[in-house]
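Read top to bottom, the protein sequences are chains R and W.
When the letters of the first sequence are read in order and numbered with this note's numbering, they come out as residues 1 to 116.
When the letters of the second sequence are read in order and numbered with this note's numbering, they come out as residues 1001 to 1115.
Check the hints yourself; a few may be wrong.
Stated by the list, open to error - Here are the computed lysine to aspartate or glutamate pairs in the EDC-like style, where the Cα-Cα straight-line distance is at most 16 Å:
hint, chain 1, residue 1, chain 2, residue 2
1, W, 1071, R, 52
2, R, 38, R, 24
3, W, 1049, R, 104
4, W, 1102, R, 24
5, W, 1061, W, 1088
6, W, 1102, R, 58
7, R, 38, W, 1066
8, W, 1061, W, 1085
9, W, 1102, R, 104
10, R, 40, W, 1015
11, R, 41, W, 1088
Derived from the structure by calculation, the hints contain no laboratory data.
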Amino acid sequence: DTEVTQTPKHLVMGMTNKKSLKCEQHMGHRAMYWYKQKAKKPPELMFVYSYEKLSINESVPSRFSPECPNSSLLNLHLHALQPEDSALYLCASSQDPQGSRPYEQYFGPGTRLTVT
Amino acid sequence: AQSVSQHNHHVILSEAASLELGCNYSYGGTVNLFWYVQYPGQHLQLLLKYFSGDPLVKGIKGFEAEFIKSKFSFNLRKPSVQWSDTAEYFCAVKDNAGNNRKLIWGLGTSLAVNP
């Protein structure tokens, strides 16, 4: 199973709402990632969790709050978003990212977020 | 800072034409190299990767890429494209120094194949 699943597929939320995006993988990967992608642009890294600990935060605004409840699950909590936050939010996972061992990232289908 | 350059931003081809998409990177150490594809409305899929060994790597759907270390390049090729190859193509590089977990992405190439 090389699948990363994400829910919901689409989400429309107002600027005062609180919502969460969910991501799950069952490949035994110990690193999980959140990316933001605008149309026809490369993904922009937001957060990296390694062994369920936050290891990279790319200076993401606090209205985005990641959570890694266990090694298979990754959440992204959203609160007080702005219209410019509308984008495709991608989750990815990979094998042990520590040291210099090579690995690839597997991407989920994404959540299309629209902030109104 | 490390960077990845994809020279062709938009490519339009007819079916059966040959394809070569350029990718150059700036890092001089040991790297892992990737090509990802994103079909319209779909998620990013790994086309192929280079970690070590034979610099000519073959991926899915008839794609291949050649790593030329002296040119810091990892160009993607396909001898005969199909309409279904219409997609965004992203080159990405990960350096193997230290504890780096990041992929450095090119800006992407939008390929349109006319039937």
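Quick rundown of the hints versus the structure:
Of the supplied pair hints, the one linking residue 1071 of chain W and residue 52 of chain R is violated, its CA atoms being roughly 38 Å apart against a limit of 16 Å. For a cut-off of 16 Å, the pair hint linking residue 38 of chain R to residue 24 of chain R is broken: about 22 Å separates their Cα positions. The hinted pair formed by residue 1049 of chain W and residue 104 of chain R meets the criterion: a straight-line CA distance of about 8 Å does not exceed 16 Å. At most 16 Å may separate the alpha-carbon atoms for a hinted pair to count; residue 1102 of chain W and residue 24 of chain R exceed this at roughly 20 Å.
For the proposed pair residue 1061 of chain W and residue 1088 of chain W, the alpha carbon gap of about 15 Å is at most 16 Å, so the pair holds. A threshold of 16 Å between alpha carbons decides the hint, and for residue 1102 of chain W with residue 58 of chain R the separation of about 10 Å falls inside it, so the pair holds. As the CA atoms of residue 38 of chain R and residue 1066 of chain W are separated by approximately 29 Å, the hinted pair breaks the 16 Å bound. Distance restraint check for residue 1061 of chain W and residue 1085 of chain W: the Cα-Cα separation of roughly 9 Å lies within the 16 Å cut-off, and the hinted pair is therefore satisfied.
Note on residue 1102 of chain W and residue 104 of chain R: the hinted pairing holds, with a Cα-Cα distance of about 11 Å set against a maximum of 16 Å. For the given pair, residue 40 of chain R sits about 22 Å from residue 1015 of chain W by alpha-carbon distance, which is inconsistent with the 16 Å threshold. As the CA atoms of residue 41 of chain R and residue 1088 of chain W are separated by approximately 9 Å, the hinted pair is consistent with the 16 Å bound.
Consistency with the previously given hints fails for numbers 1, 2, 4, 7 and 10, ordered from lowest to highest.
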